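Order-wise, the sequence lines are chains Z and L. Be aware that the first sequence starts at 1, since it is given in the working numbering, and climbs by one per residue. Be aware that the second sequence starts at 1, since it is given in the working numbering, and climbs by one per residue.
I should point out that these hints are in silico values taken from the structure, not numbers from a laboratory. Values in this document were obtained by computation on a predicted structure and should not be read as measured data. Careful: at least some of the hints might be erroneous.
[Unchecked claim] Derived CB-CB ranges, DEER-like:
#  : chain 1 : residue 1 : chain 2 : residue 2 : range
1  : Z       : D67       : L       : V128      : 40 to 46 Å
2  : Z       : G65       : L       : G243      : 50 to 56 Å
3  : Z       : E13       : L       : M192      : 36 to 42 Å
4  : Z       : I73       : L       : L249      : 23 to 29 Å
5  : Z       : A291      : L       : Q90       : 44 to 50 Å
6  : Z       : G65       : L       : M12       : 26 to 32 Å
7  : L       : L258      : Z       : G65       : 52 to 58 Å
8  : L       : W218      : Z       : P128      : 56 to 62 Å
9  : Z       : G131      : L       : L132      : 48 to 54 Å
10 : L       : A139      : Z       : D67       : 22 to 28 Å
Ideal placement from N, C-alpha and C gives every residue a C-beta, glycine not left out.
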Amino acid sequence: MSTIIETRELVREFKKTRAVDRMSFVVEPGESVGYIGANGAGKSTTIKMLTGILKPTSGHVRTCGLDPMRQRIAVARRVGVVFGQRSQLWWDLPLGESFTILAAIHRLDPAAGRARTRELVDQLEMGPQLGTPVRSLSLGQRMRAEIAAALLHTPDLLILDEPTIGLDVLSKQRLREFLVAERRERGTTLLLTTHDMGDIERLCDRVLVIDRGALAFDGTLAGLAATVGAQRLLVIDLAVPTPPLTAIAGATLVSNESQGLRQSLAFDPKSTTAAAVLARVSAVAEVRDLAIEEPDIEDVVRRLYAASRP
Amino acid sequence: MAARVCRLTNLMCTFWILVRAGFRRHSTYRLALLAGMVTNSVFGVIRASVVLAALASAGKSIAGYDPATAVAFVWWGQALLGTVNLWGFQEVNARVRTGDIAVDFLRPVDPQLAYLAGDLGRAGINLVARGLPTLATGALFFDLAWPPGVLSWASGFVSLLLAVVVAFAGSFVVNLLAFWLVEVRGIRMLYMIVGGLLSGLYLPVPWFPDWLRTVAQWSPFPSMLQNPVDILAGRVAGGDITGTVAVQLFWAVALLGLGQLVLSAGRRRLEVQGG
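Taking the hints into account, I'd like the entire structure generated from these sequences.
Following this line, the structure appears as structure tokens:
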């Protein structure tokens with residue numbers, strides 16, 4: 001299969017602002033890409049250009065090898081999109097009807113359409129809601145339905161724009177598990193924008209950071225953390241209350257709870273390792289349990305912004 | 001159901017399922033249909049009485065309308081008022097304004113075709129649940145002229161279908177102006193007033209003074225109501241039907257074509273609002 005997304009020097013200007021500024025990146029089949037940035041950074045504008053909704057001011061864009069503006073319908077057949085804040089379902093009809101209509105719009109063979117619907121409905125556990133009018137669904141139910149609707153035609157590329165916005169922890173978790181399974185099964189390429197870094201951590205192998213319309217970072221999540229020098233956190237549970245561990249080389253104490261029973265040490269993974277820090281702690285106190293916390297991505301992105309701004 | 005229908009070509013199948021969806025969507029609002037039927041009937045009684053009084057004072061038929069044809073004209077008009085979307089719709093305009101139109105562009109189907117299908121479904125449920133009961137009410141209380149034969153019934157139905165298409169196509173263009181104007185309420189209001197008058201809703205177009213009749217005849221509005229009602233009330237019959245339907249066909253093609261041009265221009269300048 002050819003390249004799924006290709007942009008070169010892509011620019012979109014609105015009346016006074018340049019929402020997307022010479023954006024160039026490539027996404028290959030099967031990749032799972034988190035597309036992150038602050039509000040108004042240009043994420044949605046990029047997605048709209050990828051799907052033929054918005055005409056680029058200049059530059060080159062290909063989605064599934066097609067020109068989205070000229071070949072909108074061909075692109076629509078190969079791409080599934082969920083805009084978290086817009087619905088593609090028929091508001092006043094029972095949910096099941098929306099799937100029937102979408103299957104017809106995508107010209108699926110009726111038997112295949114029904115089989116695919118059943119599969120998605122089973123995996124997303126939406127059977128009981130099929131007879132419910134969409135307007136009466138809860139937000140979590142509706143979002144699962146939106147994702148099923150976007151996947152009904154088994155697209156090569158799934159674009160999710162803020163899919164977990166407003167969802168509770170359990171709904172988020174179920175949605176992520178489903179997406180992981182679906183991608184494992186079908187190899188669907190995923191482009192995801194979100195403010196929820198949990199989504200990125202669990203779903204994406206690659207991160208694109210957009211800042212003021214321009215690409216600020218392209219690489220792995222770990223690479224992003226390394227770039228901005230984020231520290232990792234070693235959380236240690238000790239056998240007995242212990243005085244603050246302030247004298248551990250290469251690490252700094254950031255918190256001390258329960259009279260020293262739980263202490264957290266921050267360290268830079270580039271200059272030392274978790275094992276080395278642990279060994280030094282073990283030399284002075286008995287360790288019962290430990291956990292290593294990854295950098296908070298929101299913090300990482302904030303630092304990236306701070307570093308790129310004068 | 002779907003399996004049987006889908007022996008048609010693929011596009012026909014898609015179109016048909018969208019028609020059905022429009023029918024079902026609008027059939028969920030039963031109270032609105034009932035209220036519409038009652039309103040149409042009440043105004044039917046008033047209008048029919050006024051027209052009969054006018055004919056009585058004239059003492060003869062006016063421009064080919066005798067009392068029975070005139071009353072049929074009124075009641076068919078009232079019956080088809082909800083079927084033909086004479087006042088226009090706002091859905092597309094609202095979707096352009098909120099940016100939800102983006103979702104329509106994400107589907108592998110022409111938005112105009114999809115909305116037309118939905119509107120035909122809406123027309124269907126309105127004809128069955130609102131129009132025909134209104135007509136029955138009229139027939140119960142007044143002496144109506146009926147189409148003179150099978151040909152008139154059949155061509156009246158074709159003419160009605162074209163009327164629905166013309167009214168849709170016109171309103172679709174007005175809705176799309178939202179691509180350029182944030183607020184199209186004023187234009188819609190103007191369209192409603194001019195359309196109501198020139199379509200022959202208030203008075204038959206042949207009763208207009210010469211100059212206004214000329215204006216109406218050069219506009220698409222009579223194709224939205226006057227033409228099918230004339231055929232169904234039996235005023236236009238035989239060979240005259242061909243010309244009447246041909247005019248409608250012309251406007252259907254012209255306005256759908258204009259809609260395509262406006263849609264494609266609008267898409268190029270679309271600035272999806274929010275998110």
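Hints, one by one, checked against the model:
1. Separation of Z:D67 from L:V128 is about 44 Å and conforms to the stated range, judged on CB atoms against 40 to 46 Å.
2. Checked against the given bound of 50 to 56 Å, the beta carbons of Z:G65 and L:G243, roughly 51 Å apart, stay inside it.
3. As the Cβ distance of Z:E13 to L:M192 is approximately 37 Å, the hint placing it in 36 to 42 Å holds.
4. Taken as a hint, the range 23 to 29 Å holds for the pair Z:I73 and L:L249, whose Cβ atoms sit roughly 27 Å apart.
5. Between Z:A291 and L:Q90 the beta carbon distance is about 56 Å. The supplied range of 44 to 50 Å is therefore violated.
6. In this structure the supplied range 26 to 32 Å holds for Z:G65 paired with L:M12, their Cβ-Cβ distance being about 30 Å.
7. In this structure the hint that L:L258 and Z:G65 lie 52 to 58 Å apart at CB is violated, the actual value being about 34 Å.
8. The beta-carbon spacing between L:W218 and Z:P128, approximately 57 Å, falls within the hinted interval of 56 to 62 Å.
9. One distance hint, 48 to 54 Å for the beta-carbon pair Z:G131 and L:L132, is violated here, with the actual separation near 29 Å.
10. For L:A139 and Z:D67, the Cβ-Cβ distance of about 58 Å falls outside the hinted range of 22 to 28 Å, so the restraint is violated.
Violated hints, listed in ascending order, are 5, 7, 9 and 10; each of the other numbered hints is respected by the structure.
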